[in-house]
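Every letter in the sequence shown is one number past the one before it in the numbering used here, and letter 90, counting from 1, is 90.
Derived from the structure by calculation, the hints contain no laboratory data.
Because the structure is a prediction, the values reported are computed rather than measured.
The beta-carbon is built from N, C-alpha and C at its ideal position, and this holds for glycine as well.
Ranges between beta-carbon positions, derived for each pair:
1. Ala39 with Glu145: 31 to 37 Å
2. Ala12 with Thr110: 34 to 40 Å
3. Leu159 with Ala15: 24 to 30 Å
4. Ile4 with Ile163: 37 to 43 Å
5. Pro115 with Ile74: 22 to 28 Å
6. Trp116 with Met96: 17 to 23 Å
7. Lys125 with Glu101: 21 to 27 Å
8. Glu101 with Leu159: 27 to 33 Å
9. Arg58 with Lys125: 15 to 21 Å
10. Val43 with Lys125: 16 to 22 Å
11. Met96 with Arg137: 24 to 30 Å
12. Thr2 with Trp116: 26 to 32 Å
13. Arg148 with Ile74: 16 to 22 Å
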Amino acid sequence: MTAIDDLLHRHATGADIGAPEVPTPVPSLHLAVVTCMDARIKVFDVFGLRHGEVHIMRNAGGVVTDDVIRSLAISQRKLETREVIVMQHTSCGLSMITEDEFKDELEQDTKLRPPWAIEAFREVKDSVRQSVERVRRSPFVPYREHVRGFVYDVRNAELTEVI
Numbered sequence: 001m002t003a004i005d006d007l008l009h010r011h012a013t014g015a016d017i018g019a020p021e022v023p024t025p026v027p028s029l030h031l032a033v034v035t036c037m038d039a040r041i042k043v044f045d046v047f048g049l050r051h052g053e054v055h056i057m058r059n060a061g062g063v064v065t066d067d068v069i070r071s072l073a074i075s076q077r078k079l080e081t082r083e084v085i086v087m088q089h090t091s092c093g094l095s096m097i098t099e100d101e102f103k104d105e106l107e108q109d110t111k112l113r114p115p116w117a118i119e120a121f122r123e124v125k126d127s128v129r130q131s132v133e134r135v136r137r138s139p140f141v142p143y144r145e146h147v148r149g150f151v152y153d154v155r156n157a158e159l160t161e162v163i
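From just these sequences and the hints, can you work out the full model?
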C-alpha cells in the first residue's frame with residue numbers, strides 16, 4: 001500500500017465530514033498565515049484554530065515569494081482578509097542548504113538550471129524580516145498595516161515575534 005492509499009483509507013474511515021457549518025470561503029478571523037510546509041508544524045494546533053477561521057499558505061521555508069503575494073492579493077482583495085502572519089521556524093531545511101549548491105545539484109541532475117530562487121537562509125529571524133517586508137512593500141496587497149512575523153521553535157513550541 002502506498003502512502004496515498006493509506007491516506008485515502010484514513011479519509012474513508014475517518015471523521016472528516018467537510019465543513020458544512022462554514023458557508024463561505026471568507027475566513028472568519030480575516031487573517032492569512034504564511035508558513036513552512038514542514039510536517040512538524042501543525043498550524044491549527046499552534047494557533048488553536050478552528051475550521052473556517054484563516055487562510056493558510058505553505059511553502060518551503062514559509063518564505064513570501066511571488067506566488068505567496070499572488071495568494072495574499074486574492075485573499076485580501078476577494079476574500080476579505082486584513083491581517084497577515086508570517087511564521088517560519090527553527091531547524092528549517094532551507095537553513096541547511098545554499099542557493100548555489102542546490103541549483104548546481106539540480107542543474108547537474110537535469111541539465112537545466114532552475115529560474116526560481118531557492119530562498120535559502122542562515123538566520124531564520126532575518127528571513128522572517130525579509131518576508132514581512134515583502135508583504136509590506138507589495139502594491140498588490142492592499143492591507144499591509146497588520147503584518148507580523150514570528151519564529152516557531154519546533155523543539156518546544158515557543159513562538160517568538162520578530163521585530
